[in-house]
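2 protein chains.
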Amino acid sequence: MGNNPEDIKPSSLLELESTDKALLLPRLDPAKVTSPEEGMVVYDTTSDKFKIYNGSSWIASAGESIYNDDGTIFGDRTVTFSGAGEYMVADSSRQLFVYNSLTSKKEVFTPILEGYVGMYVCGPTVYSNVHLGNVRTFVSFDMIFRYLKFLGYKVRYVRNITDAGHLENDADEGEDRIVKKARLEQIEPMEVVQYYTLDFHNIMRKFNCLPPSIEPTATGHIIEQIEIIEKILENGLAYEVNGSVYFDVLKFNETKKYGKLSNRKVEELIHNTRALEGQSDKKNPQDFALWKKAEPQHVMRWVSPWSQGFPGWHLECTAMSTKYLGKSFDIHGGGMDLKFPHHECEIAQAEASNGTSPVGYWIHTNMLTLNGKKMAKSTGNNILPTDLFTGNTPLLQKEFSPSVVRFFMMQAHYRSILDFGNEALLASEKGYKRLMDALNLLNRLTPSQSSSIDVKGWECSCYNAMNDDFNTPILIAQLFEGVKYINWIEEGQQEISEEDLQILKSTMNSFVFEVLGLTKEQQDNSYSTKLEGVLKILINLRNEARLNKDYALSDKIRDELSVLGIQVKDLKKGIIYTLD
Amino acid sequence: MGNNPEDIKPSSLLELESTDKALLLPRLDPAKVTSPEEGMVVYDTTSDKFKIYNGSSWIASAGESIYNDDGTIFGDRTVTFSGAGEYMVADSSRQLFVYNSLTSKKEVFTPILEGYVGMYVCGPTVYSNVHLGNVRTFVSFDMIFRYLKFLGYKVRYVRNITDAGHLENDADEGEDRIVKKARLEQIEPMEVVQYYTLDFHNIMRKFNCLPPSIEPTATGHIIEQIEIIEKILENGLAYEVNGSVYFDVLKFNETKKYGKLSNRKVEELIHNTRALEGQSDKKNPQDFALWKKAEPQHVMRWVSPWSQGFPGWHLECTAMSTKYLGKSFDIHGGGMDLKFPHHECEIAQAEASNGTSPVGYWIHTNMLTLNGKKMAKSTGNNILPTDLFTGNTPLLQKEFSPSVVRFFMMQAHYRSILDFGNEALLASEKGYKRLMDALNLLNRLTPSQSSSIDVKGWECSCYNAMNDDFNTPILIAQLFEGVKYINWIEEGQQEISEEDLQILKSTMNSFVFEVLGLTKEQQDNSYSTKLEGVLKILINLRNEARLNKDYALSDKIRDELSVLGIQVKDLKKGIIYTLD
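Residue numbers (the numbering used here), protein chains in the order written: chain A, 1135 to 1714; chain B, 1135 to 1714.
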């Protein structure tokens, strides 16, 4: 193979469909390229730097970005590269690929406004403790949020709190779940909301999820929902019956397509709706409620042009996503169970009121099973997040820390089913510990003159994993490659240069803590317990010294402890120590 | 003095105004009372129990409540008593006195619904980091919330988040503070809200404040605010001008009294309002906005019957307090700077829309100064809560933990001015440590056959302090009496019976942790540092032993450490230890 850029092939690692994004870059002296074209990238063997031709000259990259001579960044894309073999593997745009549920394809991620991402994720309904399956969804989107930020995007991440409107049977009838809980506990519905919102935030904090940029509530956006209903009515795609308003699916389907996300046909949807009492108001069984007139006993109710009532449960997300992210925004996420009917209805509502398709990339997380079976309260095959942390469940042998559970979740791709189970968690705990041990060791490594390992190539493959639809299991496999390097270097089997050591450190730390969102575990309890244990050994030694009349030693121990702020007192009852 | 209940006098400790609540109870055999009356209480020297005459027989108290023979509680009041002298000091109703800002008097606290308390406290406006003065207010109401719960009340505590509507000059003109911040930072106003709400919650958590039962937002209650405006308009006490609606203070004052909380006369209020442009819409300068038509550049706006606009800044609290607590509720609190105009307007709005006086007890916290002067950003005489925790301010010599700062706040009565300063905080830190040391010691005390100290009398005085308008400085003085007892008993100067030791323990712990809301400080950092220090001493000893060829000792140390899960490795580079 020559050094002719014509030979360039896409990197198989990146699964790219066009050759202009990922390049096998020739290692050469750019001065030797006879007719460079603008945008051509090489690895300059004379300066040991990445260079790009800007049309008139070759400009250098410093670190991950390519700079103009005046220090400004050329373009707004960052660059990764690997030092493997005769060629550099480079992704000159660090292109991110995202699996879009709407097209069922991996697509290059191109936000509407360059450099900015608007992301909406359907949050929890706060009428009970957050479900582990939901936690997985939120942890997955936290990872996506983190990676987008890590790539330099300014992300507005909106995750709502559903504090009204969810009717029990997920159709448009039955009792509001929050109201039901409030009735059973004889408290105000908003006390139920507050209690479980706090619980949810608490669990999110334990899992080290970053708070979203905005966390709007359904009840906080009743006016906005009413406005959308008015628009849909104006556009003739909804109708009012007895104080309730329904979306006219068949009418909508005449000009737009209902069912495009879940690939369902309107005609086939009839069997999915049960003939419940009260649904007779609807023209067609596929129709869904935009506004429901409140029954006399319904506590949560608001005035509207049609009745005292409450919004239908699909409407809030349309109202809040478009209010805070615009009529069209980049990413809409949620668990895959929300694809139909919830997200399908959101698309219909947005198109019926604004005329535009609301979302660029639909991202859905897969479900979670427990010991291979669906989780269900009724069968007992069910676990709450706090059960994991306390181990207080017959389904687990011991407790697992939130960091270990998060690590466990990241070991599966967000679009794969994740099966919780004792053995798998135990294995993850070991892996997590091995990773953390290596990170501790990393700070103590000594650099050599040169590297015998390909750190830059490894760094590139970490990015490649994440750029391939946020493939965290592949990333973790790569991070364990890093662990191998660390142990080799520690044992003296391999060498690393000062520069590569910096790359190894920053890449390991960035991907583990910033992107995957793992944390070093708190070992507070174990510290105090261990301190007590070690002190006892020392105090026993001192007692023996005193028995042996070795007062020099016993005084030495006392004095050295005193320097640490630990006072040892000899009382009749025994020895007491106090800490400053 | 005889044992005749006629001699009974009120306890001076309680500052009571009637004799039927607090009693000097004769210590006697109740069988010797010739003509007992229903409700008469004595301390039964034969059973060593508190007894009450229920009309036909003497029934006993167990612990703090008086029980019927069948185990049910007689009445719903709990009882405290003291063993001082010949008489028991008892407050048979444990009556709570609260200073009511509306009447400027201490009043017996009688909730509308027995056993239940509804409390509303004006929360923060989330456009900047929470101010230390506000923190004091919220910590004070947290203490009040805690004490009411401790007394057995079921408390619904509502504290709002003001996320819209506060105009900059606190009059009805100028720019919305949140919108302004959003404009300056070029973000969506609700991102400002989210950021500072999280900051606020974080600070509240650090100060160990319990979350309120409901934490409603202003933007979440636009519909409710519109409904109240409609009612006030219907009642002829507001008027619309150019899309804005104003409260008609003079009209209201014809039948109701405006100014009753702050003791201001309507005629005198004119000079308090500045003649700003745009206020010309008002009939009279005392009038205040209920709804403001939004200027074209105003981002936060909602549809209403009058205009696209936003509610006036007094209205949200009327909407949220009455929605969640009813038209009349027990306690409304806030900083004293909110008395006028905010709370005055709330009273007017509630009376104008519902016809009823909304609040039983108005409680206002006093302000906070720094080194004797008002805090102000402009003069630099200003401190943020986080500055206290980091010590990152020229105004403090060192950092102080949230627990110490909370303790410091509790050392002043909530109605007194609290002056923050270096010396005072250092003194509090010492006091706090002395208290925590005593609580640790308390767990190690050994009981004797009998008590030489009056624990029950002391317990009573702890309740008395709190029942006297939540007098935390007096309570803390009493807790230091308890500290004195603990130290005396530890040193063998005084004795305590098993029963009294239990009372001492439960009273100290309840008042310190449950009521004052103090916490044992985390000493995590110091634990790990100290562990490292102590390990070094031990490892050095082991090295010396090896040098002296005392392998028995060196192996013993290694093995004992290994039992604790601490592995010591001898590497060329030196000794490394790892923890399990």
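If you're looking for bench data, these hints aren't it; they were derived computationally from the structure.
These numbers come from a predicted model, not from an experiment.
It cannot be assumed that every hint is accurate.
It does not matter which identical chain is used: a pair holds within one copy or between any two.
[Claimed, not checked] With a Cα cut of at most 30 Å, we get these calculated DSS-like pairs of lysine-lysine:
id, residue 1, residue 2
1, Lys1654, Lys1532
2, Lys1288, Lys1314
3, Lys1427, Lys1365
4, Lys1239, Lys1427
5, Lys1288, Lys1639
6, Lys1166, Lys1315
7, Lys1283, Lys1385
Practice task
Have a look at Lys1239 and Lys1427 and pick one of within, between, both or neither, based on CA distance no larger than 30 Å.
Solution key: Close neither inside one copy (41 Å) nor across copies (48 Å); limit 30 Å.
Problem - Within, between, both or neither, where Lys1288 and Lys1314 count as close if Cα-Cα is 30 Å or less - result: Result: close only across copies, 21 Å inter versus 40 Å intra.
Exercise for the section: With 30 Å as the alpha-carbon cut-off, assign the pair Lys1166 and Lys1315 to within, between, both or neither. Expected result: For Lys1166 and Lys1315, the Cα distance exceeds 30 Å both inside one copy (75 Å) and across copies (55 Å).
Practice task
Pop the pair Lys1283 and Lys1385 into one bin, within, between, both or neither, using alpha-carbon distances up to 30 Å.
Solution key: neither (41 Å within a copy, 56 Å between copies)
Exercise for the section: Have a look at Lys1427 and Lys1365 and pick one of within, between, both or neither, based on CA distance no larger than 30 Å. Expected result: both (19 Å within a copy, 22 Å between copies)
Exercise for the section: Have a look at Lys1288 and Lys1639 and pick one of within, between, both or neither, based on CA distance no larger than 30 Å. Expected result: within (25 Å within a copy, 54 Å between copies)
Exercise for the section: Using 30 Å as the alpha carbon limit, work out where Lys1654 and Lys1532 are close: within a copy, between copies, both or neither. Expected result: both (20 Å within a copy, 28 Å between copies)
Of the numbered hints given earlier, the model fails hints 4, 6 and 7; all others are met.
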